[in-house]
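**Q** Here is how the chains run, residue by residue.
Number of protein chains: 2
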Amino acid sequence: MTAARAVRSKKYVYHFGAPRAEGAAAMKELLGGKGANVAEMANLGIPVPPGFTITTEACTHFMGHAGGYPEGLHDEVAEHLHLLEKETGKQFGSTDNPLLVSVRSGARASMPGMMDTVLNLGLNDETVQGLYARTGNPRFAFDSYRRFIQMYADVVMGVPSQLFEHALANKRAELGVAADNQLDAGALAEVVDAFRTIVRDASGTEFPHDPDAQLWGAVAAVFRSWNSPRAVSYRAMYRYPDHWGTAVNVQAMVFGNMGDDCATGVAFTRDPSTGERRFFGEYMVNAQGEDVVAGIRTPLPVDGSPESLEARMPAIYRDLVGLAGKLEHHFTDVQDVEFTIESGRLWMLQTRNAKRTGRAAVRIAVDMVEEGLIDVRTAMKRVAPEQIDQLLHPTIDPERAPEPIAKGLPASPGAASGRVVFAVERAVEMAKAGEQVVLVRNETSPEDIDGMKVARAILTATGGMSSHAALVARGMGKCCVVGCTGLQVDYEAREFKVNGRAFREGDEITVEGSTGNVYAGRIPTMRVELDRTFDRFMEWVDSVRRLGVRANADTPEDAVTARRFGAEGIGLCRTEHMFFREDRIDWVRRMILAGTREERVAALEKILPMQRDDFVGVFKAMDGYPVTIRLLDPPLHEFIPTQPDEVEALARRIGVDVETLEAKVRALHEFNPMLGHRGCRLGITFPEVYEMQVRAIVEAACAVQKDGVDVEPEIMIPLVGLKAELARMRELVVKEADRVLAAKRAKIDYTVGTMIEVPRAALTASEIAQVADFFSFGTNDLTQMTFGFSRDDAAKFLVHYVEEGILPRDPFETIDVDGVGRLVRLATDEGRRAKPELKVGVCGEHGGDPASVRFMHEAGLDYVSCSPYRVPVARLAAAQAAL
Amino acid sequence: MTAARAVRSKKYVYHFGAPRAEGAAAMKELLGGKGANVAEMANLGIPVPPGFTITTEACTHFMGHAGGYPEGLHDEVAEHLHLLEKETGKQFGSTDNPLLVSVRSGARASMPGMMDTVLNLGLNDETVQGLYARTGNPRFAFDSYRRFIQMYADVVMGVPSQLFEHALANKRAELGVAADNQLDAGALAEVVDAFRTIVRDASGTEFPHDPDAQLWGAVAAVFRSWNSPRAVSYRAMYRYPDHWGTAVNVQAMVFGNMGDDCATGVAFTRDPSTGERRFFGEYMVNAQGEDVVAGIRTPLPVDGSPESLEARMPAIYRDLVGLAGKLEHHFTDVQDVEFTIESGRLWMLQTRNAKRTGRAAVRIAVDMVEEGLIDVRTAMKRVAPEQIDQLLHPTIDPERAPEPIAKGLPASPGAASGRVVFAVERAVEMAKAGEQVVLVRNETSPEDIDGMKVARAILTATGGMSSHAALVARGMGKCCVVGCTGLQVDYEAREFKVNGRAFREGDEITVEGSTGNVYAGRIPTMRVELDRTFDRFMEWVDSVRRLGVRANADTPEDAVTARRFGAEGIGLCRTEHMFFREDRIDWVRRMILAGTREERVAALEKILPMQRDDFVGVFKAMDGYPVTIRLLDPPLHEFIPTQPDEVEALARRIGVDVETLEAKVRALHEFNPMLGHRGCRLGITFPEVYEMQVRAIVEAACAVQKDGVDVEPEIMIPLVGLKAELARMRELVVKEADRVLAAKRAKIDYTVGTMIEVPRAALTASEIAQVADFFSFGTNDLTQMTFGFSRDDAAKFLVHYVEEGILPRDPFETIDVDGVGRLVRLATDEGRRAKPELKVGVCGEHGGDPASVRFMHEAGLDYVSCSPYRVPVARLAAAQAAL
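Going down the list, the protein sequences come from chains A and B.
The first sequence begins at 6 in this note's numbering and counts up by one.
The second sequence begins at 6 in this note's numbering and counts up by one.
You may find that some hints are simply not true.
One copy or two, either will do: identical chains are not told apart, so a pair holds if it fits within one copy or between any two.
With a Cα cut of at most 20 Å, we get these calculated EDC-like pairs of lysine to aspartate or glutamate [as the list claims (entries may be wrong)]:
no. : residue 1 : residue 2
1   : 752       : 736
2   : 15        : 440
3   : 801       : 667
The hints are simulated quantities; they were obtained by calculation from the structure and are not laboratory data.
Sequences and hints are given; from them, build the entire structure.
**A** Okay, structure coming up:
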């Protein structure tokens with residue numbers, strides 16, 4: 006006992022092993038997930054190779070002191086090493102019976118990007134002889150040694166692994182053998198010599214001989230790996246705090262590669278792909294785990310065949326199933342275990358809650374409730390909202406996916422293949438001819454809607470998560486990748502280039518919107534059907550959530566889809582998409598080009614019946630649920646072509662001269678359309694447009710009411726920033742609606758409310774609430790204006806911002822709580838204070854983002870509204886927020 | 006006394022006349038300005054024709070009850086009419102000695118747009134005989150009668166005045182005379198008949214015969230005129246509340262047109278144009294006031310000539326001067342009095358504080374303090390900040406101005422004439438040739454700077470008060486009119502059309518930026534020199550204000566101007582304007598087009614010495630004062646031409662191929678540049694640009710410090726929305742600045758702060774303050790983003806919004822207190838809470854707007870910053886806010 010030991014205030018090292026460990030599963034913060042679970046296993050009496058865990062606090066001390074260890078750590082490690090020697094009966098550095106250890110990192114949560122495992126640590130030119138002597142297996146001893154050098158040099162010393170692979174290949178070639186396991190002990194001893202030379206040349210230092218030096222080198226490497234760029238960016242992505250740190254696990258080696266009574270494998274207590282309740286795993290006889298990774302051998306299933314573990318080592322198999330079952334029961338979740346069989350003895354190396362597909366997650370959660378293992382509330386927390394999303398869309402089997410040719414932003418989930426096409430007309434043509442097409446554009450605009458409709462997937466070179474393409478694709482539930490920055494589209498040549506490859510019109514590609522990956526050719530996808538289990542799960546979800554969930558749907562078809570996914574109404578029905586339909590777009594243009602109110606009204610009269618029919622369909626699909634209809638929002642120039650040839654064609658079609666049309670195009674041009682003449686500003690300057698829309702809504706409501714449909718129209722005014730704007734529009738709506746109702750002698754309970762999407766509207770919510778029945782946050786535009794980010798332009802620097810950690814994540818994806826969120830809270834609170842019965846929802850894309858849904862729940866909103874395909878996701882997120 | 010009288014709770018009618026009145030000057034709210042002042046005159050013993058005032062409360066009752074009068078009002082008016090009859094010895098409706106009255110509107114503040122005066126009310130076919138009998142002057146009697154019919158029919162019954170003018174002209178023609186005063190009594194009696202026919206035909210009713218009916222018709226007309234469109238929009242403009250209402254003044258007629266011992270006139274106690282302390286007025290013998298308006302006669306000065314009142318009626322003149330002096334002394338302000346001399350007897354009809362020019366306002370305020378009439382604080386309140394502005398710019402003599410050809414927004418004050426020019430190069434060419442030019446554009450862009458510089462005035466068809474043209478022109482102190490919506494510019498034909506007239510390149514026009522008027526030809530302007538009086542006044546102003554006043558200045562010349570106008574530093578020095586100079590713009594373009602960091606740095610090295618020189622000049626001019634320099638703000642595409650021929654020329658000049666340049670132009674294109682890749686977003690993606698700018702600033706500071714200049718650079722980061730943005734930029738600035746200082750072995754106290762112009766920055770001010778030494782509100786952009794108004798596009802509907810009262814005024818002109826102002830207060834308070842020593846200012850255009858300055862004072866800001874020419878305006882506004 007030194008003086009240093011006496012003043013030591015903190016314990017930095019925790020032992021684990023039979024019969025019990027100093028740690029436990031609850032100590033994940035201190036011991037990391039791996040260390041805590043191994044300790045728990047030891048305490049459960051499960052055979053784990055003994056070892057010790059150096060705490061995350063030692064790591065944070067290391068980082069805070071420029072790589073210095075806490076006082077006394079060396080002594081503490083030495084004590085535990087000594088304990089380990091006693092427990093195993095082996096000695097670290099012994100030439101007779103050497104103790105070998107594995108060293109692994111382990112943070113609170115599983116985190117790729119940190120240091121991987123180093124196995125067989127403790128070997129050197131002397132101890133390798135001890136290993137040989139003890140096992141009587143020289144080949145095993147030298148094979149273990151060469152593996153150790155390669156692994157340690159790679160992950161601790163930064164010597165590229167390929168150098169060693171190259172040397173091994175040379176040796177194989179020299180000896181004329183095909184595989185490493187054909188190299189004998191002598192050859193492997195030569196390989197070890199060659200490896201040491203490689204280390205010397207590449208790193209400028211000798212490979213460390215002293216097992217203690219090896220151990221401390223590995224510990225420092227684990228600690229340093231906490232701040233590797235990959236780990237840092239992974240933490241940023243998942244919002245794990247930097248101060249966590251990682252633990253180090255030092256564990257006595259057991260060997261699955263000492264002979265045919267040895268094996269190693271992984272197993273799951275249930276099928277992680279389907280959720281089926283069956284023991285499931287793979288193993289290899291006489292092997293070490295990394296042989297699988299190296300692709301040298303193919304593992305075998307643990308059961309169901311003559312070569313299975315069940316068949317070959319039935320007693321051990323039964324033990325394994327029993328231990329795994331005990332672990333699942335103990336942790337009340339599916340376990341993913343790693344095991345090794347050394348000379349007929351089973352060791353459990355680690356256990357963790359198994360990663361699983363969305364389908365499996367739901368099945369397992371429901372099954373476990375039925376088995377009485379967990380309660381319903383726990384079950385709901387076990388499924389991530391994004392897993393629900395995965396469930397609803399086809400995906401690419403990651404096992405069968407080749408290297409992607411490019412990667413963009415995952416704008417709308419799903420996966421689809423088709424022939425590349427660039428022009429909308431061509432897309433329509435090819436689709437009519439029965440081809441499956443993928444629309445590839447620099448960016449999309451409302452003019453491209455027809456092309457997007459017929460495409461199976463959409464791929465754009467520019468744009469962010471809230472670009473036109475992304476929004477529309479999500480609305481259509483269509484797979485979409487945007488902001489694929491390497492992509493160069495040449496419309497004229499009808500081809501795109503990416504990473505040196507060219508794809509022409511007609512070439513097949515596959516787009517995966519869930520990951521942002523783009524593949525050459527046609528890659529098979531898989532899709533899961535929704536079943537009784539899913540329905541049961543969603544019933545639980547609906548029973549606990551407080552937030553309502555509606556859908557953004559513009560068409561009767563969308564409305565039907567939304568209902569199928571459980572939407573409780575429509576939170577946003579955008580009327581402008583209706584305007585783009587082929588049967589009316591030219592009348593819309595005539596309306597815009599009208600020189601007088603009379604001409605405008607005449608054109609609107611033509612649009613009225615078509616618009617009314619749209620609403621009839623939507624109302625029918627939403628029988629008994631509210632439908633929020635937003636009056637015309639986009640600037641008028643979005644409806645008018647600007648390309649000379651299109652202008653000319655339009656002029657001919659609607660019978661105006663080209664000069665007049667060109668003049669109008671110029672007059673409508675705006676420098677910043679986002680901040681221009683749109684929304685209620687149009688309603689105020691051209692009241693007859695809104696009048697027509699109100700008439701269509703109310704006439705449609707009257708019509709379906711006659712058919713027994715229960716209709717609840719909510720008329721929503723966009724882009725309000727001033728109370729006077731809404732007051733005036735409200736007056737217009739009420740006047741027109743009541744006129745129609747009086748004429749039809751009908752009674753419809755309609756309400757009038759507003760988007761809150763301009764910062765000023767949020768700031769003056771108490772004023773605006775006085776003339777509003779409801780608020781609906783348009784968080785897309787609110788984010789644009791609060792940040793001063795144009796969603797069409799910001800992609801260029803937003804990616805950089807997120808990568809550099811300036812922004813934790815894209816604020817168009819997950820709501821920015823401090824800025825935009827502050828406005829949402831403020832407007833909700835002050836609006837309700839002015840009018841307690843005010844209904845408050847959100848209809849921006851954030852309504853389908855789980856983290857944002859949680860915020861909306863906390864901010865006290867009444868409902869969220871999102872794309873139909875996001876409705877189940879939002880339902881689960883709302884339930885989890887309420888738990 | 007009826008029962009109604011008994012329950013009457015309110016007094017609606019107030020008598021005035023010798024020896025005293027029921028009202029007083031302090032009762033303006035109830036009696037209106039006119040009524041209150043007439044009552045005050047009566048109480049002072051000044052001879053006013055007696056009469057009575059119907060209160061503003063009667064008007065508000067009338068408006069609130071669909072045109073119904075308060076109970077008992079008729080009785081009360083009848084009583085006062087009776088009192089008036091007793092006092093004058095005449096009877097209303099008498100055929101023997103008829104009482105005639107004038108009826109005038111009169112609100113709290115003088116307000117054009119309401120009902121004008123009706124004179125001679127009480128005349129009809131019978132009473133006219135009484136007037137004839139009493140005066141023995143049939144011509145006078147019938148002349149009064151025909152005037153009454155015309156005036157009453159016009160203002161009360163809505164019969165167009167021209168119909169009467171036409172009938173009069175017919176009569177003159179019939180009798181072969183040139184002027185109305187050549188028509189004798191018989192002819193005038195015929196005119197009266199003709200007039201009555203006109204009234205019958207045009208209005209469908211008989212001209213009212215009953216004097217009572219005449220009186221009540223006039224009262225109702227006055228009340229109704231309160232809500233005439235002109236009155237409503239005038240109130241909106243000056244923010245007078247709608248609930249004020251107007252009073253009605255009924256006053257016994259006195260006649261200045263009964264003979265040569267009669268006269269009428271107006272006088273000022275001091276010269277309202279220069280402020281000189283001399284009695285000043287005009288009068289006409291044997292005339293009624295409206296003869297001047299009709300242009301029939303030219304009034305004569307009251308003194309200084311043989312034809313003057315002084316010469317012709319010396320006793321009356323002395324009385325008039327004495328009474329007016331008494332009034333000035335009583336009201337302690339210059340009086341504008343109206344008087345009538347009836348048969349040798351002087352009557353004062355009304356008095357009010359005189360309207361005056363800016364020059365006169367300052368002179369009078371200073372003189373009155375010296376005379377001991379008012380104290381300094383009162384003097385400061387007597388000058389409107391806008392009058393100071395008027396003082397600093399040439400104006401068009403309103404007496405000599407023709408009809409304007411067009412009217413736009415008054416973007417930058419002053420008036421200037423010149424030849425129309427459309428293209429920048431042509432403007433430069435013509436200016437070099439010694440021509441004075443006016444640059445006419447649809448809108449301006451930074452590329453037009455050279456043209457704007459050489460132009461004497463700038464006129465644009467589009468854009469609002471904060472458009473590029475407006476901002477730059479104000480910065481240059483150059484006259485500018487924007488948003489002249491009728492203007493159609495044809496660049497190719499080199500002409501503009503407006504209201505059916507065409508103006509070609511080279512035609513002369515005159516632009517008045519203070520009013521928005523545009524005139525054909527060259528209209529003479531006048532300009533006032535600043536003098537000792539002005540300096541004295543501004544000394545007082547500076548002694549009371551708490552707010553600092555700085556200037557926005559980008560060049561050494563601007564800085565010198567700013568100092569001359571009393572700026573206490575530069576609040577905004579925009580570095581991008583420097584980038585557009587001819588000697589460097591191509592280097593800037595090379596920098597932007599650079600493919601690598603190295604190429605970019607090489608181009609920046611060329612710009613560095615030029616930029617350093619700019620700063621040297623600015624620092625020298627601001628010796629001893631802080632200079633806030635904003636690093637590069639606009640999106641890069643603003644620096645690159647987009648027109649094919651310009652692109653080609655540039656490509657040739659800087660030696661890149663056209664395709665590369667075109668590709669870059671496309672890559673830089675943004676849908677909403679306002680919300681795009683600019684400000685600190687550039688600094689983060691291209692740190693070397695900001696590094697160069699910091700180096701130039703600090704090197705310049707070191708250089709001038711050596712010359713003994715006291716330099717205080719404040720380096721400002723634009724468009725910050727996130728703490729991480731500012732933290733990173735601050736690090737860059739400090740690193741580069743300290744590097745330069747270490748190399749030069751110098752010590753400069755620089756600070757680093759940020760614009761607060763993105764709503765999110767205001768909402769997270771407590772975070773951002775942690776890494777900021779100062780905040781400067783960029784209220785232009787903050788207004789754009791808070792409202793969602795693009796200043797370049799919003800002009801189209803903002804005009805409509807203000808006209809319709811949806812917005813009380815253009816928020817780019819006067820800060821929107823409820824929305825943008827809330828963010829300003831919130832950021833100031835929360836920023837200071839996080840960092841008490843935080844310096845807070847404003848550098849948007851609002852810094853020069855008096856109402857906004859008042860708000861900034863109340864919000865507790867440290868300083869405002871505005872165009873150099875607005876500095877004295879802001880100083881006065883700040884002082885008035887402090888009073």
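**Q** Each of the hints needs a verdict: does it hold here or not?
**A** We went through each hint and held it up to the structure:
Within a single copy, residue 752 and residue 736 get their C-alpha atoms as close as 18 Å, which meets the 20 Å cut-off; across copies the closest is 65 Å, which misses it. Taking the shortest alpha-carbon separations for residue 15 and residue 440, neither the intra-copy value of 68 Å nor the inter-copy value of 86 Å comes in at or below 20 Å. For the homomeric pair residue 801 and residue 667, the shortest alpha-carbon distance between copies (18 Å) is at most 20 Å, but the shortest distance inside one copy (32 Å) is not.
Hint 2 from the earlier list is the only one contradicted by this structure; the remaining hints agree with it.
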